[in-house]
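Fit the two chains together into the complex; they arrive one by one in their own frames, and the hints show the way.
Residue numbers (my numbering), protein chains in the order written: chain A, 747 to 888; chain B, 2 to 647.
Quick caveat, the hints were computed from the structure, so don't treat them as lab data. For clarity, every value in this text was computed on a predicted model and none was experimentally measured. Don't take each hint at face value.
Unchecked claim - The list that follows gives simulated cross-link-like pairs (lysine-lysine, BS3-like), each with its CA atoms no further than 25 angstroms apart:
1) B:Lys-296 with A:Lys-805
2) B:Lys-78 with B:Lys-126
3) B:Lys-52 with B:Lys-23
4) A:Lys-815 with B:Lys-601
5) B:Lys-409 with A:Lys-881
6) B:Lys-486 with B:Lys-499
7) B:Lys-296 with A:Lys-872
8) A:Lys-881 with B:Lys-601
9) B:Lys-618 with A:Lys-881
10) B:Lys-317 with A:Lys-805
11) B:Lys-207 with B:Lys-180
Said to hold, decoys possible - Computed Cβ-Cβ distance ranges for the label pairs, DEER-style:
12) B:Asp-456 with A:Lys-811: 33 to 41 angstroms
13) B:Ile-59 with A:Lys-872: 21 to 29 angstroms
14) A:Lys-872 with B:Ala-634: 52 to 60 angstroms
15) A:Asn-748 with B:Asp-456: 50 to 58 angstroms
A virtual CB, placed ideally from N, CA and C, is assigned to each residue, including glycine.
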Amino acid sequence: MNEVLSRYSGKGDELVPILQEVQEQFGYLPAEVMQQTAKFLHISDSTVFGVATFYAQFKFTPTGKRIVKVCRGTACHVRGGARILNEVERQLGITPGETTDDLEYSLETIACFGSCALAPIVVIDKTVYGRMTTKKVGGVLH
Amino acid sequence: MTFDEIRSQARAEWETLEHSDKPHILVGTATCGRASGALAVLEAIKSELAKRNIEAIITQVGCIGLCYAEPLVDVVKPNRSRICYGNITPEIIPRLIEDYVINDNPCPDLALGTIGDDSIDGIPKLFELPMLKPQVRIVLRNCGIIDPENINHYIARGGYSGLVKALGMKPEEVIEEIKRSGLRGRGGAGFPTGLKWEFCRQSPGKVKYLICNADEGDPGAFMNRSLLEGDPHAVLEGMLIGAYAIGATEGYIYIRAEYPLAIERLELALRQVAEYGLAGDNILDSNFSFHITIKQGAGAFVCGEETALMASIEGKRGMPRSRPPFPAQSGLWGKPTNINNVGTWGHVSAILQRGSNWYASYGSEKSKGTKVFALAGKVNRTGLIEVPIGISLQEIIYGIGGGIPDGKRFKAVQTGGPSGGFLPASLLNLPVGYEELTEAGSIMGSGGMIVLDEDNCIVDTARFFLSFTQAESCGKCVPCRLGTKQMLDILEDITNGKGKLEDIDLLEDLAKDVVAGSLCALGGTAPNPVLTSIRYFRDEYEAHIRDKRCPALVCSELISYYILPDKCEGCGICLRDCPAEAISGGKRMIHIIDQGKCIKCGTCLDVCPTRFSAVVKVSGEKVTVPSKPIPVAATKKAGAPTNLGN
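This is chain B alone, in the form it adopts within the complex (with noise of 0.2 angstroms):
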């Protein structure tokens, strides 16, 4: 079949679909979709339709971004706007079909809004609201709309047409596109990528080869992975198009093995790629061949790193070594080979399809187009967004964030994961892009956005990503493998109390020193959080040094549990759960929690009744309790104060 042939086949099917008389049922069970339920809510589906014999469409999609939602299920009937219902369990759909499906009661209050030109009375669009309204979908266009298993969607939607028109050009054309539309690395470091791709190409050598960066290992980041279970195509013909242009005819995509749904998903699209032609030998009749092999990473973070992943491909231990000789010269088995990262391609896809002129049109001056990010941590709507470089972290973290839950003050945002930085509130107003970030401290990195409020430790989270980036040196270069420890048992030390003010400097002098001599971007940006940290939140180290403190009651040396003698009321709820036996009381008495015994693991804080609130956690203070239990009825009479011995 001619490229013609394949379109207008995928075209009609998808018109079949939108102009189907009957109900079209859309379901996100991606991980995220998957982790809240969405499973369940499938099989609730089909038996109710089946119980109620009616026919519908089901179609299973990828994630929209409304991560905070899910499950999502989408309706649409025949002649209306799609419908985007949120939070939904299996109990609300007997409800849904009912009045919904069945009869014609759209029910807005599921509803979180509607995709299509037809209004809904009652119900926003979707594309409308604070969520969605300041993003850019480019490389999620298709996320949560198309089936991902199904390449005819992605077709019908512009797929492979970048393909087509890219073989249409001189390789060199293809570079120059790229170039023009401004596009860089996705994966953190923002190399310009056609003058990459350029390198790579003019390398001597008949063999090339090229490489899809998946092996997503930065905690906190899953853009890599909802992009490939959303739409995989996507990913593919930006990496059709590389090949084309570098004249690359291998290619691997190197995922992590923690994805297995990305990994099935990628499989169906290389059988569908195969089968009709637009991968393998002579595609499309242009003569080019390019083949791709899925190659599973086995758990080693450093392996995201280029020159460790290639060794990781070859089947030696995933160690980094030095550069140069560069990959684009010397990488897979000696041969000039290109590496970007899936968000990467992504964008390849979308360029070459709309143009580079189009593409260019979004973004700042310096940095072009859009950035996905995973928006996580303490922030009201969590998901996966993609919003014009050049956007403020005040319109990410509280427009389409939502602000902090539960009334919090927002304390600091960290991005690019263990490579990057903490920012502060005074930086809310910073432009997301790679120069800025990286002057105040941080990185863009792959696209990681963690929000931290009041009742997070600035100490703890620099020493909890520390303690990552500590157990994934591989141990090749000295600075990485010594000062990541030496740092990190100086951060231990801090908040278990035992630290010394001098230890701020000298964590400052082990970080340059780390920075300035590892082999790899690994112990080169490792110390940039506790750096950060040390930048905006020095008060919080002196807190935890000087005064024995932990502002924000995480630091489980420096925090004490108290039973408020004025509030307990003896119900022995706290002493039945404690697991270190750690309390003592008995009916109607007032308990005690002995310190040297507890654990503090906050569990009678968790399990003491709100109408009580007698449990307190407080740090760097005492207060005063009774030294043994006594009658509840001797401190309410006597009218003890709350003793918040301050």
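Looking at chain A on its own, in the form it has when it is part of the complex (with noise of 0.2 angstroms):
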């Protein structure tokens, strides 16, 4: 975290690009750190905490090891991507925001990848898969 903190000057406007970089790090943003975030950028907790919630890239809770994410966009949307979604919630046990018990997979939907052409999609880590249908799913999930 020290490592984090030492590459900026403590101006207000680093804050989101700090929390960034340390979930980037952490995979999420532990409470320790958000204070300690506090400190260094001389506002209070409640600001940091504020700022970290307004945003839906942070998260307060440990993610899994594979972070799978199903696109909801339009273009998704009208060419099945709730089935899609539906899907990976029945083959993971879990439903968006959620983290399977055994860690290895974190469940999350995004507003638009901005793939629409070869909608619908599914990212898995960095990994894009495009033209998705319910039965490519068990495939790209393991």
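What follows is the structure, given as structure tokens:
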């Protein structure tokens, strides 16, 4: 954490970039880290918490090893994205925002991944799977 | 180095590439290409070339917009036109390399078209294809053509000559040039760009900021991502020109974190312009200095709104504030600030490079130039397109898009994302322009264009958009926070078969209040999908409410699945795959779905072999089925009717 902070000068507009870097390292934002960030930027804990909870990107509980994101954008919706999400939920046994008990998978939805021409889309970690079908779900998950 | 030296060096590099005696292979590896497997194709190319000991130049390019045919691979052989191949898989690569790279068979069956003067037998010219012919590529001039990671490619094709031209003019003259071009904001609202700059220029204050809005949050829109991935310098050059005209010394690119490749390419592009002295202090010895910083968004749709975006850059919760003061007077950190969308900046660089008269020769009376759209949904040729403003929806959807797949009927086109509206078939002749679309109840928006066919439910899609805006409402003002929630509740009732006829009027009333009372454009436009869907598709609302029927067979509470007794062969596949264990039956016994247990996932319909096609989906009707599984033969012999109890 100190290493992350050493790259910043302590100005208020660095809050979001710091939180982003912390999350990249820890996978989520531990409470102590947010407190440390508040101290570093000379702002209150509640300001940090207020900003962190405002943005969808930030998570406050540990996430699974693999992050499965199902796109819920318009193009995906009209091409059956809801059914893809149902199938992923069924196979992983979790709903969006949850992590499997073995900490293997976290499931999230994203508003739009911007690969609409290949809808519906599933993103696992950094790999994008286009033209998904319910039958392909098992194959990309395992 | 002077700009002339930089340019001649860049041109020399481009010429060498164009006239290389080695084959040149280009792979489209933007995010959409990668989603369809372009990186695997790239690897296959590299290993096949290595295996056969062939020397070739490989370039990764951005998206040319033919997303439906991804992955795309182009091959240029010495003194031949470039051939663009579509739907390439790693398995095709050995054949392509054997037949065309080594031998001289251009594989017309795999080719989409050629780029260049030389024609090749059996392959059409790419830009003569119906998908591309009506397009005018101004913003997308380099996308898919150049290596976006090589600044020399951009410069060789006229890049940064617009900046040089601007630096030779007075800032006021640059603003005049933009005014003359007729350019309007491509983020969606369509405010005249030159005028916006003038306000900011005239605002008192030494420190001014310039922002590029790359927080492309509309679901169903990918214009900004494609441009930043395919030609980042076109945007940077536009920003530099704008900064010079306005008198800004600091600039930000606010980009959503969901676009990692675009961010990577922007970072690289920023290092390149710094190295060439095209950004930073005393740019090209002109005394003009401009520094650009990238700020990543953190997943909040409302941050596309300019005042919320600035709050987010300042490290605060990204909530909008009331205007005035407008950002041109008091924006980022209270200083005069000018914000334009990625697309607008792409137009600016082209206008300075080629002149306002040239630019204004495209488009319609009220709106000059072109607009980039992300064409997606139920259309044959999905992709990224750039068309002159004023083209009709019909030309876009049927001409460029090639119509609706599988012979289905067109139902509506949705423009402007969650802030826009649905336009029915009767408006297909509508020219695409800011005023025309607004009059029809939609908006031009940032450029999302989603086509819906008869299998899409309008009420469900309106509910989908509202669930998005409701979730993304920042909660600061009451009309948006509570109004969208109430509207969503009503829409959910309707799609769940619990709606009342008076709900339609109530929705319209609520919508008007949300539009009138919301603080920012998120709430101000959120009701548009609902309002247009009622305006043009009221009968669908009535079918859901009065007949408890979803005509498109989408709303799960209103549909049922049945197994037709005279078609079921008792194969057991649906019984085995049903996740709810709602199907009873046995070998050679007619299967029956327990309607109480059915979760309406549609698995039975998907898995029933097409030669039986025994599963049907219905809404508002009942199918008579046996009360318990009976042997298959019994109904076959009796010749039982299909019993689609209408």
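Taking the hints in turn, this is what the structure says about them:
Only pairs whose Cα atoms come within 25 angstroms are accepted, and Lys-296 (chain B) paired with Lys-805 (chain A) is accepted, the gap being roughly 20 angstroms. Pair hint Lys-78 (chain B) plus Lys-126 (chain B) holds up; C-alpha atoms about 16 angstroms apart against a cutoff of 25 angstroms. In summary, the hint linking Lys-52 (chain B) to Lys-23 (chain B) is supported, as the alpha carbons are separated by about 17 angstroms, within the 25 angstroms threshold. Restraint check: the Cα-Cα separation between Lys-815 (chain A) and Lys-601 (chain B) comes to about 23 angstroms, which is no more than 25 angstroms; the hinted pair holds.
For the hint pairing Lys-409 (chain B) with Lys-881 (chain A), the CA-to-CA distance comes to about 23 angstroms; that is within 25 angstroms, so the pair holds. The suggested pairing of Lys-486 (chain B) with Lys-499 (chain B) holds, with an alpha-carbon distance near 17 angstroms, which does not exceed 25 angstroms. About 20 angstroms separates the Cα atoms of Lys-296 (chain B) and Lys-872 (chain A), which keeps this hinted pair within 25 angstroms; it holds. Pair hint Lys-881 (chain A) plus Lys-601 (chain B) holds up; C-alpha atoms about 16 angstroms apart against a cutoff of 25 angstroms.
Of the pairs offered as hints, the one joining Lys-618 (chain B) and Lys-881 (chain A) holds, with about 19 angstroms between alpha carbons and a cut-off of 25 angstroms not exceeded. At roughly 17 angstroms between alpha-carbon atoms, Lys-317 (chain B) and Lys-805 (chain A) fall within 25 angstroms of each other, so this suggested pair holds. Between the alpha carbons of Lys-207 (chain B) and Lys-180 (chain B) the distance comes to roughly 24 angstroms, so the proposed pair stays at or under 25 angstroms and holds. In this structure the supplied range 33 to 41 angstroms holds for Asp-456 (chain B) paired with Lys-811 (chain A), their Cβ-Cβ distance being about 37 angstroms.
Under the hint 21 to 29 angstroms, the C-beta atoms of Ile-59 (chain B) and Lys-872 (chain A), about 22 angstroms apart, fit the expected range. Separation of Lys-872 (chain A) from Ala-634 (chain B) is about 55 angstroms and conforms to the stated range, judged on CB atoms against 52 to 60 angstroms. Distance hint for Asn-748 (chain A) and Asp-456 (chain B): a CB-CB separation of about 56 angstroms, consistent with the stated range 50 to 58 angstroms.
Violation of the numbered hints given earlier is absent; every hint is satisfied by the structure.
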